[in-house]
Amino acid sequence: MLDFLLGVAVVAAIYGILAISLNLQAGATGLLNFGLVGFFGIGAYATGISTMHGAPWPLGMAIGLVLAAAAGAAVGRLGRTLAAEYWAIATLALAELLRLVALNTDSLTRGPQGISAVPGFFSGLGPQSRDLAWLGLAALVLALCWWVSQRVTGAQFGRVLRLVREQPDLAASLGHDVVGAKVRVMAISAPMAALAGSLYTHYISFIGPGQLEPFATFLVWTMVVVGGLGNAFGVIAGAAIVQLLFDVTRFIDDVFDIPSENAGGLRILVVGAALLGFLYFRSGGLVPERLRRIDARS
Amino acid sequence: MGQVIVDSLVRGSELALLAVGLTLVFGVLRFANIAQVEFATLGAYGMVLVASVAGVGILLQALIAIVAVGLLAVAVYRVVFVRLLRSSAAMAMIGSLALSILVRAVIQTVTGPDPKELDLPLERGVDIGGALVTPTQLRLVAISAVALAVLIAVLRLTPLGRSIRAVSANPELAAAAGINRKRITDVTWFIAGALGALAGVLLAMDTQVSLDMGFGLLLPVFAAALLGGLGSVGGAVAAAYLLALVENLVLKINFGSLVGGDGFVPVDYRAAVGFVMLVVVLLYRPQGLFGREARRA
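Residue numbers (the working numbering), protein chains in the order written: chain A, 1 to 298; chain B, 1001 to 1297.
Just chain A, with the same shape it has in the complex (with noise of 0.2 Å):
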């Protein structure tokens, strides 16, 4: 039990850093990033693609994090001539094509087996003290991330980012470079993404294709939304609740008597209806996120 809640907890932790990297740029800036989950891939494949080929670990985290933020920038330049929507629709269409591409060029990525035996941190201590380890490591770049998403937010940047979410043209009337804006900020969190999917391949020593489904993606906006759309601590109570929730159903066929594939159909529904509760009932999620009436000063 102690050894499932520690699994738990470690991933929770790992997908905290994904809701924050979300939650800057859905929540602060309103970018409605429907492909986060190729950032993450970033990160992950470029930690499996380099220690396979016996390169040190620093090594490929930093390559994966300096991938993301150039991809990074380079999709928030794209929100240049897009609306939201068609924005939205562009990354999923990108992080999708991420997947393809991890699935079918077998000389760098092994195709669909994936990257396996990638080597894990703490592998002299017993499961038990190897998790406890894992989640304290967990904890603290989570925590270094949080720190991040609250000096970018709490800056006069900050301000820029949420006028741009709420009044785009105002921004960009008031000279404020709006472009620019969503560039650093994507910049900023995309390699957070990287980050939490270099230290996922190394926890569990393997990253395939099957992981970077756009329902990971899914699965962080839920937490997100969970905790409150724009709140950094509200996302990350989210990361938690969401996570706990997810690995729980997990047990759900010993309880009910269906088979095992359709309770995978239950599982995934309720982080859909959790989902689409909050969003229907609480949209401002368990910690709205608290504005000052005097936000904006050029």
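Keep in mind the hints are simulated off the structure, nothing from the lab.
Check each hint, because a few of them may be wrong.
[Unchecked claim] Taking CB as the label site, the calculated pair distances span:
# : chain 1 : residue 1 : chain 2 : residue 2 : range
1 : A       : F4        : B       : A1131     : 55 to 63 Å
2 : B       : V1150     : A       : L170      : 39 to 47 Å
3 : A       : L108      : B       : N1254     : 17 to 25 Å
4 : B       : R1183     : A       : A70       : 44 to 52 Å
5 : A       : A155      : B       : E1117     : 54 to 62 Å
6 : B       : V1146     : A       : A70       : 46 to 54 Å
7 : A       : A74       : B       : N1180     : 41 to 49 Å
8 : B       : E1117     : A       : L108      : 34 to 42 Å
9 : A       : L244      : B       : S1052     : 32 to 40 Å
Glycine included, C-beta positions come from ideal geometry on N, C-alpha and C.
With chain A held as given, fit chain B onto it using these hints.
Below, chain B without anything else, positioned relative to chain A:
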């Protein structure tokens, strides 16, 4: 070459039926419904359900499923989207993603993840100008063409169609002119649901019934609707067939011969053709190939 045209017509018909629904709803509500493609999945599973409970002919099965999904679409709009749209189009879009996942989750919970086959007689393909076509595929193309032609005729020639076009062009002005916007929106959702279900039923007859049959079409359908210019029905239809043709051509052309060798785009990348076209068009012509509305739609 004949095979390319046949394959493109089949694929284009499926994409067109779904893209038209997407673009109609967008026109009236200014919101892109990700769950549109699930109407296809619902239509196909609806047909399986009807076949299992009622001993009616295949035509009636299809008709019941299509009408039921159309009514379901209206109900979903009234119950879910009216409220979400009051917050913002972005909230509604996230909600439609949630709904899309929910639909598949419910189906998987009830019937399991394995694909199903409709109980249809086996067919022999016929040879038309060197291309192999099954009678089902011919019917698929013909039925879609008729459905799309009827839709365009209704939109162009009847008072109802004029009202729908009026609401998409300018909702406030349409309301001021005495058009019942709520009723028009209901009708639009019914059409979107029914055409989506029709696409699902036809696809199920041609191939099989599976959980991802709708979601797998999401990006090509969005690509077609965006290429056509969101809100433009004629544009969506033209773009759907064009996209299908480009997909099949890209897979058939020997790009390696440019550098003196053999090199085909692997068939696994079929879906990528749509994505790439989508991203390129969004970059250089965000209003679509045939759309007039610029940038912010």
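How the hints compare with the structure:
The given range of 55 to 63 Å is respected by F4/A and A1131/B, whose C-beta atoms sit roughly 57 Å from each other. Roughly 45 Å separates the CB atoms of V1150/B and L170/A, a value that falls within the hinted 39 to 47 Å. Checking the proposed 17 to 25 Å range against L108/A and N1254/B shows it holds: the Cβ atoms sit about 24 Å from each other. The hint said 44 to 52 Å for the Cβ distance between R1183/B and A70/A, and at roughly 50 Å that hint holds.
Against the hinted window of 54 to 62 Å, the Cβ-Cβ separation of A155/A and E1117/B comes to about 59 Å, which satisfies the hint. Checked against the hint of 46 to 54 Å, the pair V1146/B and A70/A passes, with Cβ atoms roughly 49 Å apart. At roughly 46 Å, the beta-carbon separation of A74/A and N1180/B lies within the given 41 to 49 Å, and the hint holds. At about 37 Å, the CB distance of E1117/B to L108/A agrees with the hint of 34 to 42 Å.
Our hint of 32 to 40 Å for L244/A and S1052/B holds, since their Cβ atoms are close to 37 Å apart.
The structure fails none of the hints (numbered hints given earlier).
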